[in-house]
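Chains as they are written, first to last, in the working numbering: chain Y, 1 to 120; chain L, 1001 to 1134; chain H, 2001 to 2149; chain R, 3001 to 3409.
Hints listed in this document are in silico derivations from the structure and should not be mistaken for laboratory results. For clarity, every value in this text was computed on a predicted model and none was experimentally measured. Positions of the beta carbon are idealized from the N, C-alpha and C atoms, including for glycine. Keep in mind that the hints are not guaranteed to be accurate.
[To be verified] If you anchor each label on the Cβ, the simulated ranges turn out as follows:
no.: 1; chain 1: R; residue 1: ASN3167; chain 2: L; residue 2: ILE1073; range: 56 to 62 Å
no.: 2; chain 1: Y; residue 1: VAL77; chain 2: L; residue 2: ASP1132; range: 47 to 53 Å
no.: 3; chain 1: R; residue 1: LYS3406; chain 2: H; residue 2: ARG2139; range: 25 to 31 Å
no.: 4; chain 1: H; residue 1: ARG2120; chain 2: R; residue 2: ASN3167; range: 38 to 44 Å
no.: 5; chain 1: R; residue 1: ASP3338; chain 2: H; residue 2: ASP2106; range: 19 to 25 Å
no.: 6; chain 1: Y; residue 1: TRP99; chain 2: R; residue 2: LYS3406; range: 50 to 56 Å
no.: 7; chain 1: L; residue 1: GLY1130; chain 2: Y; residue 2: SER92; range: 54 to 60 Å
no.: 8; chain 1: R; residue 1: GLY3372; chain 2: L; residue 2: GLY1044; range: 34 to 40 Å
[To be verified] Under the rule of at most 25 Å between Cα atoms (straight-line distance), these lysine to any residue pairs were calculated in the SDA-like manner:
no.: 9; chain 1: R; residue 1: LYS3269; chain 2: R; residue 2: LYS3374
no.: 10; chain 1: R; residue 1: LYS3341; chain 2: R; residue 2: ALA3109
no.: 11; chain 1: R; residue 1: LYS3269; chain 2: H; residue 2: THR2132
no.: 12; chain 1: R; residue 1: LYS3341; chain 2: R; residue 2: ASN3113
no.: 13; chain 1: R; residue 1: LYS3133; chain 2: L; residue 2: ASP1132
no.: 14; chain 1: H; residue 1: LYS2033; chain 2: R; residue 2: ALA3176
no.: 15; chain 1: R; residue 1: LYS3133; chain 2: R; residue 2: ALA3008
no.: 16; chain 1: R; residue 1: LYS3374; chain 2: Y; residue 2: VAL79
no.: 17; chain 1: R; residue 1: LYS3133; chain 2: R; residue 2: GLU3210
no.: 18; chain 1: R; residue 1: LYS3269; chain 2: H; residue 2: MET2061
Here's the letter readout for the chains.
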Amino acid sequence: MTLSDPRRLHDLLGLPVVTVDGRTLGHVNDVRLAPGPALHGLRSELLVDGLVVADRHAGSLLGYDRRAEKGPWLVRVAVRFLHRRGGYAPWSAVHSVEWGDGGHVVLAIDRLDDRDATLT
Amino acid sequence: MMGEYVAGRRYDAALHLLDRQIVDPDGRLVAKVDELELADRPDGRLVVTALLTGPGALGPRVGGRIGHWIVAIWRRLRIEPDPMPGRIDVADVVSIDSAVHVGRRRRALEVDGLERWMHYNVVSRIPGAGHDPE
Amino acid sequence: MKPTRHATYAAVCALALTACVTPATGTDSYRGKASASIEAAISEVETTRIAVDALLDDRIMVPYADETITAAESTLGAISAAFGSVQPPDDPQADELRETVTALVDAAGEAVTDARIASRRPQDADLRDALTMLDDVARELDAAEAKLR
Amino acid sequence: MRRLFAVALGILTAIGGFVDIGDMVTNALVGSRFGLSLVWVVVTGVIGICVFAEMSGRVAAISGRPTFDLVRERLGPRVGFANLVASMAVTLLTFIAEIGGVALALELASSVNYLLWIPLAGFAVWLVLWRVKFSLMENVFGLLGLSLIVFAVAVWQLGPDWSTLWNDASRPSVPASEDAPTYFYYAVALFGAAMTPYEVFFFSSGGVEERWGPRDLTTMRTNVLVGFPLGGVLSVAIAASTTLVFLPVGVQVDTLGQVGLPVAVSLGKMGLAVALIGFFAATFGAACETGLSVGYSISQYFGWQWGKYVRPREAARFHVVLLLATITGIAVLLTTVDPIKVTEYSVVFSAIALPLTYFPILVVANDPDYMGEKVNGRVANALGSVYLVIVLAAALAAIPLMILTKAGQ
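Same shape as in the complex, but just chain Y:
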């Protein structure tokens, strides 16, 4: 299978996420990966499943935006405060991606799935 030129994850993280009619929904905060079906009877590959979108990046690596029950209370409240809006956009809903500085991700949908931001 032929692939495009290699890209870097860093060039996707932080890109603005917009709808087709130009409304900003947030920024790419993380990229959710899912192992695909096993290849050559060996190991599976890692496919991009969708984008975790939020209005701000600060504190996201702490993981509080993606787990409901995680403690301690003090830190959870503080970090959640930084991440009020957010949601999930499955890769199938991505219309196009302009990579790198000044780029953006255009979604074919006009609402994020806000239930699915937490991890299963």
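Given the coordinates of chain Y, assemble chains L, H and R onto it according to the supplied hints.
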């Protein structure tokens, strides 16, 4: 700890993969996942193709003047005119838990140039370098 | 990186503040410096006294006592030099204070030097003489400190 | 029986290894100037180090990942890098103070100037880092460090009025001879000395070095919860000894020699000799720990092979860092900078760096991805959160207090 990815499990790249320690089959520490390499498939899916390691991959993520320095120092230390960061094909990844486990030994992965330079030029020259710790 | 740089700057300032003796601006500030010098001198004299006492009772090793007293001696030298380098304000009272404190700190230095010499060739008579001197100077320092307070 | 022996050995080395040059000097100084009115800070600090050492030890035992590994994962490469630079600077400063302390202890024993001892002390520390097995290093210096118990014996032998001491300790107030900012400056210093960040780098990395697993959790907890508080008792004993001997006559401790004087007064030559062994073991052991911690933190940030559980040549970059740190330490000390002054600054800067280390540990100890069912319970989280606030307050107050009091003068 070896085995496939946990079935049905999904991984958030920045949360579960980036900056995680890469460990070889002997339990030796290889490098950090400093960056992920992605590529578009013809069917429109985006896939992870490799883990990138070393200052050349880390510098741009640190950003700013410090990130710039990290890359500049790394380039100066390398012999090649246009050095590439260390690259571990995603097919070598065996499992992901609190570390990223790969199926090949760190020597075979060839991502630790500085380690080998220090090994041959500094540490091996000090008596006792091969001394067993136990 | 801005906050880190500010922190470094603040740390350097703090170090600079503690490293040098600033000129005293008024008589009060000069009295404060005099009092601090006396207090520091008391600390060194009393340390020496405890060490000499222990030597007389054979409760301390000679090298240990020697090191402790030598350190006290050099600290007293530093106290004297630091106080001497402060410009006193234009006030006859300050000049008087300067003379008293300088004389006292120097006397303390001499007593500690005698103790250091005695400690290196421990003969009880010498040590007792040194102890008497230390007692005298300690009393004078205490009196001076009480007056300055 | 063997298990019991292992637990006892662990507790004893935790006690002996708890005290380092920062604890000795700061406690002796504070005792001579403030009596026991700051004991509450030592108690607060000891509880804090227990809470966070237990957390980082548990994270290391369950996930196999030491502290700095996780700092970068949770804070990202950019903030992680700033954190690395700050923590390393503080740990290196402490390392320099410890080598200086070894040289000062040797000077007191030999009457040979400490500057002549520095290259030798530095080389000996490096040799231990290069050659000696991790557990042997821990056990020898931990057990020898127990000689500092002599300070507790000295206090007892001085026959103090226990009820007065207890009153001073339990009803803290600023002594009349000192002002409030100075009092709180030394409170921050004592807190930094008790909770030094290197202790958790070292403790969690040591857990990986000794291949802790889930089965070792109980042993680890016993070591921390019994060993560290008893180590804290040694710290308080040092403060109490200088309170009894120095406070009434106005001596303010500024040399290592003064720290040992109360023991000489109380117990004579034999006691003093034991105290000297304690000085040497505590500073030498801590020099090894801080030196390793410098190597641990850089290696763990960049993902290099680290540790004494592999042959030196298998962890080449790590050992190059250890070598460079030792050379830097020797070079700085040979500029004739006063090691005691270095110590006094190192404990204050430790207090400033504390939140950088403790915040990520608290977050990771709550993450089921690493910890499974062994995530923090309510008690650990309640204490951890309270301490996060305390540690932040101490860190923010440190620099203003330092400027206000001209570093505690």
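Outcome of the hint check:
no.	hint	result
1	R:ASN3167 with L:ILE1073: 56 to 62 Å	holds (59 Å)
2	Y:VAL77 with L:ASP1132: 47 to 53 Å	holds (51 Å)
3	R:LYS3406 with H:ARG2139: 25 to 31 Å	holds (29 Å)
4	H:ARG2120 with R:ASN3167: 38 to 44 Å	holds (43 Å)
5	R:ASP3338 with H:ASP2106: 19 to 25 Å	holds (23 Å)
6	Y:TRP99 with R:LYS3406: 50 to 56 Å	holds (55 Å)
7	L:GLY1130 with Y:SER92: 54 to 60 Å	holds (55 Å)
8	R:GLY3372 with L:GLY1044: 34 to 40 Å	holds (37 Å)
9	R:LYS3269 with R:LYS3374	violated (50 Å)
10	R:LYS3341 with R:ALA3109	holds (21 Å)
11	R:LYS3269 with H:THR2132	holds (24 Å)
12	R:LYS3341 with R:ASN3113	holds (17 Å)
13	R:LYS3133 with L:ASP1132	holds (9 Å)
14	H:LYS2033 with R:ALA3176	holds (18 Å)
15	R:LYS3133 with R:ALA3008	holds (20 Å)
16	R:LYS3374 with Y:VAL79	holds (22 Å)
17	R:LYS3133 with R:GLU3210	holds (10 Å)
18	R:LYS3269 with H:MET2061	holds (6 Å)
Checked against the numbered hints above, the structure breaks only hint 9 and satisfies the rest.
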